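Q: Okay, here's what each chain looks like letter by letter:
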Amino acid sequence: MNAPAPEPIIEIDSISKSFGDFQVLDGLSMNVMPGEKLALIGPSGSGKTTILRILMTLESIDSGHIRIDGEELYHMPKNGGAKDGGLVPASEAHLHRMRQKIGMVFQLFNLFPHKSVIDNITLAPMLTKGASRAEAETRAMELLDMVGMADKARAMPAQLSGGQKQRIAIARALALSPKIMLFDEVTSALDPELVEEVLNVMRKLAQETDTTMLLVTHEMGFAHDFADRVLFFDAGKIVEEGAPEDIFSNPREERTQGFLKKIIAAGHRV
Amino acid sequence: MIDWSGYLGLILKGALVTVELTLMGCALALVMAFIAGLGRLSRHFALRALATAYIEFFRGTSIFVQLFWAYFVLPLFGFTLTPLQAGVLALGLNVGAYGAEVVRGAVLSIGKAQYEACVALNLTRYQRMRHIILPQAFLIMLPTFCNNAIELLKATAVVSLISLSDMTFEAQVVRAQTGSTLVPFGTILILYFLMALAISRFVRTLEKRLARGLDGVRV
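Protein sequences appear in the order of chains P and H.
First residue of the first sequence: 1, per full-length UniProt numbering; consecutive thereafter.
First residue of the second sequence: 1, per full-length UniProt numbering; consecutive thereafter.
These are computed hints drawn from the structure, not numbers from a lab.
Some hints could be false.
[Unchecked claim] Partial pick of chain P residues on the chain H-facing surface, computed with a CB cut under 10 Å:
1. P43
2. S44
3. I61
4. V88
5. S91
6. I102
7. F106
8. S116
9. L127
10. K152
11. A155
12. A169
13. K179
14. R252
[What the hints assert, rightly or not] To be clear about the criterion: a stretch of chain H counts as covered by chain P if any three or more of its residues have a C-beta under 8 Å from a C-beta of chain P, and this derived list gives those stretches:
15. 110-123
16. 128-136
The structure displayed is predicted, hence computed values, not measured ones.
Idealized CB from N, CA, C, for every residue including glycine.
Excised from the complex, chain H in its bound form (with noise of 0.2 Å):
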């Protein structure tokens, strides 16, 4: 008979691993989905094309690939980084191109009509981004943001490549230890969908609470 408490506390911690990464991820993603979400709409040429080369470059090459890069290239290029560095610098840059776009489409989709509100009313540029544009954009962004942090989590898993003990690699040494497949994959496939529900949860609570007010019936 195995004594499964200690193999579900080996799991358990790899789970820690991979909410530890899809956290700090996100939040690189969000910054970089922001920043060059916003450089792609920039006035300035150069802007533009720095934020169209990471978005291109980001969602045209593997995650598996940038990975290894930032693992075990980087250091020969003199920068050297730890597992869980090397795995929330990938996931965050590739996810982030992905919401980039989201970020730019949000954007655009406020009608021209709170543009020349804000013209009106001699806003600046950054004041009308700040203040009336991303306000409302990020309610457009949010469910997107939502995909994207739910495929961030799934894409966590590749990091136990480069031998970053997360949950995906902490079943896979309890599967070789106790020869049993159903129990370790059968127990990360269900803590996988129990953060995805939370982050969708979350996500959800965001929406309805910055949407309050807008359809003139919840208040």
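Chain P with its partners taken away, still in its complex shape (with noise of 0.2 Å):
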């Protein structure tokens, strides 16, 4: 018997989305697979940052539907359920329980300053999944070992370096096993001898895990040893997609290629 073709974790269909009277995207369509690492990439206002703001529920879309897992995340059938019963806008309920499945790092880090480095971790796990404190600390203790902070649990946000604080943000994500782990711009924000150390836990991350991984990112040589595919946006639209050695060596769109070209000239290497 043939084992049933997999079907994608995420599903984007023909989704737009306008702020005022700027469209940032217009009619996106595109899957992602379970395990999938994917590079978002293209010049600042393509729509790759509202992408992941939208599958984070932190922005709503203007039309479209979404399918985590095969489960529409911004609608859900009327009546309970009943076949054919049509979909609705999804509930605060509805959607509290669709973001258990993903995960979500921001550029500035958004760690919570009033609370300690193992308090940061700790909280939503404690919260959302009724976790003792004494398993959300073993957790968050394993997950500071493999992001290497370990020594700084007890620590303040402030007290850390821009790199420290993204890599508690990505073990904060992680505490809550999210089966989608979206980055947004992760490094953007940090000093350049502190860009290395990020990368590492993510590179990391991707080996040990089966994380779903979708990645907003301007380091194309990280986009290229990590994706397993990347997509290239323009005004809102996948201007060109494929395997990272055929983007960045042999871009096909002219777009594609004046992008990085302009990114090369700006020292960033691929």
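Assembly of the complex is requested from the two constituent chains, each provided in isolation within its own frame, with the hints serving as guidance.
A: Next up, the structure:
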């Protein structure tokens, strides 16, 4: 018997999004397979960060559908799931349940400044998953170990460097064991010498887990090594996608070529 | 020669009433500030409207009038309050209306980034407010709360108008009985000042404690 073809973990079906008059996404469709590592690249304003924010439910969509694990994100079945009952906008409870599958790491870390490193990590598992403090702390220490920060468990965020803060933010998101991790320009706010320590953590994560990862980045060298697939965005659409070798060494589209040329001229490694 | 010790005792007794009024008024004001301040940020129109009406009414009318209402008019509707209860009610509701705007402003000043981190960590609205936003916002409220508490302390003097024997009331009694103006009014001037100083010291200490670790220096 043939194994059934794996279903995509994320299905984005012709979504559109405008901020006022500015159309950020215009009928975008894309699928992501479980365990896939995706790099989203492109100029500012091309909509790549907006996709991550929409998946995290930080922005809504104007039209279209998103399915996570086969389940609608922004809609839910009418009549308590009866077939052909149609769809209605998702309730807060539905969004709450769907968000369990997704975690996000932000460009500016967004750590809670009034909580110690370990409390930043244990807070959500204790509040949203009913973990005991002991369970949450054991898990947090494992994660801190993984990101190389076990000795800073009792530190306050203000005592840490940017790279350290971002590693904590990654551990904090992982503590909820999401199936999908979203990384929004996680090294853009860091001093150049701190970028590598964060990228190392992400490499390790990619190797050691089968978490699906979506990465918006300007680190082309990292995108090249890290991603299974690279998507080049411009003006709210996917202009070109493919294996990293193809996109970076052999871009077909003129806009991709132009973008990569500019990035290299700006001193980013490819 | 006047025997001042008895008269000073009278003023000190009044000072206790002032302290009592201030503490109870502040407690009520704090509760009202949070209820109305968070009410103004509610998703529900009715709660927002109710909170706004409360704030505008108590900021927009005089504390004298509010006190007279609490003491002289409410009994006409069947609610009779002692002078102390009427004083605490008027002071607490009045200062609470100002405090509500402090709460609202401080909550709004916590950046969008903190809200977004809470969504990404799947916290509920209540958990977000309780564990992330309010603890940070409270620190921002404190300096203005300190102002409000000192304002409340000084406003307690109005209760002497409804025959509550607070510090100002007793000073007037002493003045009437001794004919001396300088000693009773000089004494309460100093006492009010010391009480205000105690409030500001207390809040400053609280602020320092809560800010510990936030700037990366003190731990």
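Q: Against this structure, judge whether each hint is valid.
A: The hints, checked one at a time:
1. At its closest, the beta carbon of P43 of chain P sits 23 Å from a beta carbon of chain H; the interface hint therefore is violated under the 10 Å criterion.
2. Violation of the interface hint for S44 of chain P is found here, the shortest Cβ-Cβ separation to chain H being roughly 19 Å, above the 10 Å cut-off.
3. The interface hint given for I61 of chain P is broken, as the beta carbon of that residue sits about 16 Å from the closest beta carbon of chain H, more than 10 Å.
4. Interface hint at V88 of chain P: violated, since its Cβ lies 19 Å from the closest Cβ of chain H, which is beyond the 10 Å cut-off.
5. The beta carbon of S91 of chain P is not positioned within 10 Å of any beta carbon in chain H (closest approach about 13 Å), and the interface hint is therefore violated.
6. A cut of 10 Å between beta carbons decides the hint on I102 of chain P: the least distance to chain H is about 8 Å, and the hint holds.
7. Here the hint on F106 of chain P is kept, as its CB sits about 7 Å from the closest CB of chain H, short of 10 Å.
8. Look at S116 of chain P: its Cβ gets to within about 8 Å of chain H, closer than 10 Å, so that hint holds up.
9. A least Cβ separation of about 5 Å between L127 of chain P and chain H falls short of the 10 Å threshold, and the interface hint therefore holds.
10. Interface hint at K152 of chain P: violated, since its Cβ lies 12 Å from the closest Cβ of chain H, which is beyond the 10 Å cut-off.
11. Hint status for A155 of chain P: holds, given a least beta-carbon distance of 8 Å to chain H, under 10 Å.
12. Because the closest C-beta pair between A169 of chain P and chain H is about 8 Å apart, less than 10 Å, the hint holds.
13. For K179 of chain P, the suggested interface contact is broken, since its CB lies about 13 Å from the closest CB of chain H, more than 10 Å.
14. For R252 of chain P, the interface hint is violated, the least distance from its beta-carbon to any beta-carbon of chain H being 35 Å, above 10 Å.
15. Check result for the stretch 110-123 of chain H against chain P: holds, 9 residues qualifying (beta carbon to beta carbon below 8 Å, three or more required).
16. Closer than 8 Å: that is the beta-carbon criterion, and the stretch 128-136 of chain H has 4 residues meeting it against chain P, so the requirement of 3 holds.
Violated hints, listed in ascending order, are 1, 2, 3, 4, 5, 10, 13 and 14; each of the other numbered hints is respected by the structure.
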